[in-house]
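Asks: Chain by chain, the residues run as shown.
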Amino acid sequence: MSSFIIGSLIVMAVLAMLLGIVLAVASKVFHVDVDPRIEQVDELLPGANCGGCGLAGCAAAAEKIVAGDAAPSICPVCGDDARAEIYELLGMSSEETEPHIARMLCGGGTGCKDKEEYHGVEDCRAAVLIQEGPKACHFACVGLSSCVEACPFEAIFIGDDGLPHVIEERCTACGACERVCPRGVIAVMPAKRTVWVKCQSHDKGKVVNKICKTGCIACRRCEKECPVDAIHVIDNLAVIDYEKCILCGKCAKVCPKNTIVDLRARRRAEKKAKEAEAAGKPA
Amino acid sequence: MNLQLILQIAILNLFVQNFVVQRFLGLCPFIGQSDDKHKAIGMGIAVTFVMTMASFVTYLLYAYFLVPDSWFLRTVFGPGAGITEAGLLDVLVTVSYILVIASLVQFVEMFLRRFVPTLYRAMGIYLALITTNCAVMGVALLNTTDAPQDLGLTGAVLQGVFAGLGFTLVMLLMAGIRERLEYLNVPPCFKGAPIAFLCTGLMALAFLGFAGMAGLG
Chain Y
-4 MSSFIIGSLI VMAVLAMLLG IVLAVASKVF HVDVDPRIEQ VDELLPGANC GGCGLAGCAA
56 AAEKIVAGDA APSICPVCGD DARAEIYELL GMSSEETEPH IARMLCGGGT GCKDKEEYHG
116 VEDCRAAVLI QEGPKACHFA CVGLSSCVEA CPFEAIFIGD DGLPHVIEER CTACGACERV
176 CPRGVIAVMP AKRTVWVKCQ SHDKGKVVNK ICKTGCIACR RCEKECPVDA IHVIDNLAVI
236 DYEKCILCGK CAKVCPKNTI VDLRARRRAE KKAKEAEAAG KPA
Chain F
63 MNLQLILQIA ILNLFVQNFV VQRFLGLCPF IGQSDDKHKA IGMGIAVTFV MTMASFVTYL
123 LYAYFLVPDS WFLRTVFGPG AGITEAGLLD VLVTVSYILV IASLVQFVEM FLRRFVPTLY
183 RAMGIYLALI TTNCAVMGVA LLNTTDAPQD LGLTGAVLQG VFAGLGFTLV MLLMAGIRER
243 LEYLNVPPCF KGAPIAFLCT GLMALAFLGF AGMAGLG
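Taken in sequence, the protein lines are chains Y and F. Heads up: the first sequence begins at -4 in this note's numbering, then just goes up one per residue. Heads up: the second sequence begins at 63 in this note's numbering, then just goes up one per residue.
Isolated chain F, as found in the complex (with noise of 0.2 angstroms):
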């Protein structure tokens, strides 16, 4: 894994194709936990820990037990039986990561009420929410199944790391505007949710500056 890479991976996930702004994904915590900056750092660091353990997890489980001719299937079934050739993608792909996800979410809300329970009673049921944030579940199919092509372990990991951080971005920069919509004189049917949405859509307009640098697309 060359530096190159490694940059090529950190700006695809945190500006050309940003999981938020750009290809839509987790828009319910982005817009339930932006309103407050610390609950939005707060969220960014749990959805980026979930994201990056997640990466690493569903990596192994598709390497290795999931995809056609994995060393699972050869080892208990043996080369050339049906199911080694066709793998067990398209039964397990979507309920095995759910299983994972939601582990690691359960894991992380252990964590936080022992030892950060001030954040843990702020961010409420947010964090439970994570277990169905699309975008962790985006990372895990974007590594996996979706990837145009074979990234490596390494190369899964990073793209969490980075998703996660491309995530904390957009929501601290959407917790700047929305402390200050805060104070500014918005019709009363743009308050709250509509009015964030839309900066949330001019966000994206904004994003897509980024598209075609270091030659990503």
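Bound conformation, chain Y alone (with noise of 0.2 angstroms):
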């Protein structure tokens, strides 16, 4: 019996030791050197590998940041204190980078006519690829939720009005929704650009008037509007040069088909619907 466990034992001693060497020699061979700070980059990252900085995940940033081929910021979900410590961890200075938030470039959804009845694939990429998607406008939102099944943060939902609606709190600006959206009419932009046009039509304004409810029908009033030349309709479609643009809202408010947002002005007549339902349920 006792043959059998010292047999054993050199047998798998040998093995052990030989394939240890050649283990021993191919991790010398095949050495790979590694930056220990990339390890240290990666811990501070996020790690949800959403790819909101175009990357194949948190390694691969953390691998570009070390390496000086990408800037801390490339990460729009890192929050400050960690990026600040990136920047620490590198030697580098610190510098404000500005929070991005998802934001919907589209107001059609139900107020935007359908031109025939879809029944496909439930994915905005695959309907658009069939007679340039259901809607009649060629711009519009399809309201497929594709952009709802990319966020990997749950931060995107259809509303009751057909439209993908981005829930500010969650969302952390990684840009899935943009890259996946055949229309590219959800975009990552400054959260401080409270004012933006919802529409992406390039349609004439007649044409735009009888599909579409709050599609920019080109009519100039926001340019004639704007106390610093900041918003010009260009190929019927009002663009803001947010170079210029100093958030005042008179283009949302002259705006006869309330293609502009003015989020500051909704929230302040949220405020006082509020207040003055308060004030009214006492009385």
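These are calculated hints, taken from the structure and not from any lab test. Every residue gets a Cβ at the ideal spot worked out from N, C-alpha and C, and that includes glycine. Hints are not guaranteed to be accurate.
Examples of chain F residues lying across from chain Y (beta carbon under 8 angstroms, computed) [as the list claims (entries may be wrong)]: (1) Leu123; (2) Phe127; (3) Val129; (4) Leu135; (5) Val138; (6) Phe139; (7) Ala143; (8) Ile145; (9) Gln168; (10) Tyr245; (11) Asn247; (12) Pro249.
Taking lysine-lysine and the DSBU-like style, the derived pairs with C-alpha atoms no more than 35 angstroms apart in a straight line are [said to hold, decoys possible]: (13) Y:Lys208 - Y:Lys59; (14) Y:Lys266 - Y:Lys219; (15) Y:Lys266 - Y:Lys245; (16) Y:Lys266 - Y:Lys239; (17) Y:Lys219 - Y:Lys248; (18) F:Lys253 - F:Lys101; (19) Y:Lys252 - Y:Lys201; (20) F:Lys101 - Y:Lys23; (21) F:Lys101 - Y:Lys59; (22) Y:Lys205 - Y:Lys266; (23) Y:Lys269 - Y:Lys245; (24) F:Lys99 - Y:Lys23; (25) Y:Lys59 - F:Lys99; (26) Y:Lys199 - Y:Lys108; (27) F:Lys253 - Y:Lys108; (28) Y:Lys239 - Y:Lys199; (29) F:Lys253 - Y:Lys110; (30) Y:Lys248 - Y:Lys201.
Hints are included, so try docking the two chains, each in its own frame, into the full complex.
Replies: As structure tokens, this is what we get:
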């Protein structure tokens, strides 16, 4: 019996030694120098692997940041504290980066007419391949929730108006929705831009007026109202130049189709409505 | 080793007794890595390499160390000793084979990390999991203790190569199917692995058509 134990031990010892030597040699031959800072930066990154930076996950981003090919600000999800720590780790000076957020650039939804019924795959990318999509407007949101599915943070939902809505507290500006949208009607932009044009249609005003309740009809009233000459109708669509824009919201006020959103005005109105409700209740 | 035998081993392992769809071995990496053609090819090549090397090493281990009356036992314990008569197969087959396979996987991992880092990252945990891939262990056992007749070293290595190629073939077929499945309106409860398993079952049925080919069974 003991000879079995001894025999087994010898066989395993010899085998283990041989394989150990092979692996030891291999680890020298195939040695990869890894910068220890890469791991440290990787730990500071969120680790959600959302792809918001456009790279294949946080590990790839960490590698690029350490190599100096990318600034730590490429990570849109990272908090300011973590970002500051990364800057410190790499001995770079910290710079303020402004928070971004995903915003809808189409206000059509149920207010935008359907030109046909669509019974295919429930995916915007598939839908737009057939006859430019089911919506009468060829620039409009199709509303088949590709962005909702793409969002890794469940920050987008389809509202009653048939349009995707972004839950601001959850949005990390990773850009997954922007990349998946075949129409480009959801985009990541600086959160401080509280005034924006919620239309992408370059159709003539007459056409837009017929098919959409909220589309830009290129009436140029915003252009005339703007005190700083920041909004212009280019190719039948109002475009804001954010270099000049002071976010006064005057354009939103005069827009006959409510195409331009003024978030601050909307919030003020909501607050007022709430106060009125609160005041109205006890009475 | 004549040409006919080589062809027989090739057809047997590629089609008739394909490791994935006929022997149902190595289903974990098969399902896990077959959603993308590049990953499937990478996984297939890695598994083929590990299978080939494992076949080679385990056959030597088997023939010179573990079988009754082997070279090792005769030299160490002398002919006619109890252990020489009985051999070490019952005791050591599993543990020593696993050791060999694990080391080979480690080797492949280091190699890929050095030379193909993108593939290394894409494969992630599945690379390390080749260690516990039953197809690799399966080919080692089928070459040695479970072989219908003694294959010899060349036969064992050939079986390893073609078993790996058979695995790669089915991986690629599956990757092609799954890339198309992505765009189909699959009922939500079948999305992902379930529909992949259904397709694998159908593929296995199709592969049954090869049964009896070249007088093999």
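Asks: Compare the structure with each hint and give your call.
Replies: So, going through the hints one by one against the coordinates:
Against a cut-off of 8 angstroms between C-beta atoms, the interface hint on Leu123 of chain F holds, since the closest Cβ of chain Y lies about 7 angstroms away. Using the Cβ-Cβ criterion of 8 angstroms, the hint placing Phe127 of chain F at the interface with chain Y is satisfied: the shortest such distance is roughly 5 angstroms. Among the interface hints, the one on Val129 of chain F is violated; its C-beta lies about 12 angstroms from the nearest C-beta in chain Y, farther than the 8 angstroms criterion. Taking 8 angstroms as the C-beta cut-off, the interface hint given for Leu135 of chain F holds, the closest approach to chain Y being about 7 angstroms.
Annotation: interface hint on Val138 of chain F holds; nearest CB of chain Y at approximately 7 angstroms, less than 8 angstroms. Given the 8 angstroms rule on beta carbons, the hint for Phe139 of chain F holds: about 6 angstroms separates it from the nearest Cβ of chain Y. Hint status for Ala143 of chain F relative to chain Y: holds, with the closest Cβ pair at about 7 angstroms, below 8 angstroms. Hint on Ile145 of chain F holds. Least Cβ distance to chain Y is approximately 4 angstroms, under the 8 angstroms limit.
Annotation: interface hint on Gln168 of chain F holds; nearest CB of chain Y at approximately 6 angstroms, less than 8 angstroms. The beta carbon of Tyr245 of chain F is positioned within 8 angstroms of a beta carbon in chain Y (closest approach about 7 angstroms), and the interface hint is therefore held. With 8 angstroms as the threshold, the beta carbon of Asn247 of chain F comes within range of chain Y, its nearest partner Cβ sitting at about 5 angstroms, so the hint holds. Annotation: Pro249 of chain F was flagged as interfacial toward chain Y, and the flag is violated, the nearest CB pair being 12 angstroms apart, outside 8 angstroms.
Between the alpha carbons of Lys208 of chain Y and Lys59 of chain Y the distance comes to roughly 46 angstroms, so the proposed pair goes past 35 angstroms and is violated. Pair hint Lys266 of chain Y plus Lys219 of chain Y holds up; C-alpha atoms about 29 angstroms apart against a cutoff of 35 angstroms. With a C-alpha separation of about 19 angstroms, the suggested pair Lys266 of chain Y and Lys245 of chain Y falls inside the 35 angstroms cut-off, and the hint holds. Restraint check: the Cα-Cα separation between Lys266 of chain Y and Lys239 of chain Y comes to about 28 angstroms, which is no more than 35 angstroms; the hinted pair holds.
Pair hint Lys219 of chain Y plus Lys248 of chain Y holds up; C-alpha atoms about 12 angstroms apart against a cutoff of 35 angstroms. Distance check on the hinted pair: Lys253 of chain F and Lys101 of chain F sit about 20 angstroms apart at the alpha-carbon level, within 35 angstroms; holds. For the given pair, Lys252 of chain Y sits about 13 angstroms from Lys201 of chain Y by alpha-carbon distance, which is consistent with the 35 angstroms threshold. Only pairs whose Cα atoms come within 35 angstroms are accepted, and Lys101 of chain F paired with Lys23 of chain Y is accepted, the gap being roughly 27 angstroms.
About 23 angstroms separates the Cα atoms of Lys101 of chain F and Lys59 of chain Y, which keeps this hinted pair within 35 angstroms; it holds. Restraint check: the Cα-Cα separation between Lys205 of chain Y and Lys266 of chain Y comes to about 34 angstroms, which is no more than 35 angstroms; the hinted pair holds. The straight-line distance between the Cα atoms of Lys269 of chain Y and Lys245 of chain Y is roughly 23 angstroms, inside the 35 angstroms bound, and the hint therefore holds. For the proposed pair Lys99 of chain F and Lys23 of chain Y, the alpha carbon gap of about 32 angstroms is at most 35 angstroms, so the pair holds.
Restraint check for Lys59 of chain Y and Lys99 of chain F: the C-alpha separation of about 26 angstroms stays at or below 35 angstroms, so the hint holds. For the proposed pair Lys199 of chain Y and Lys108 of chain Y, the alpha carbon gap of about 16 angstroms is at most 35 angstroms, so the pair holds. A distance of roughly 32 angstroms separates the Cα atoms of Lys253 of chain F and Lys108 of chain Y; the hinted pair therefore holds under the 35 angstroms criterion. Taking the CA atoms of Lys239 of chain Y and Lys199 of chain Y, the gap is near 26 angstroms; set against the 35 angstroms cutoff, the hint holds.
Distance hint between Lys253 of chain F and Lys110 of chain Y is fulfilled; the C-alpha atoms sit about 31 angstroms from each other, no more than 35 angstroms. About 21 angstroms separates the Cα atoms of Lys248 of chain Y and Lys201 of chain Y, which keeps this hinted pair within 35 angstroms; it holds.
Checked against the numbered hints above, the structure breaks hints 3, 12 and 13 and satisfies the rest.
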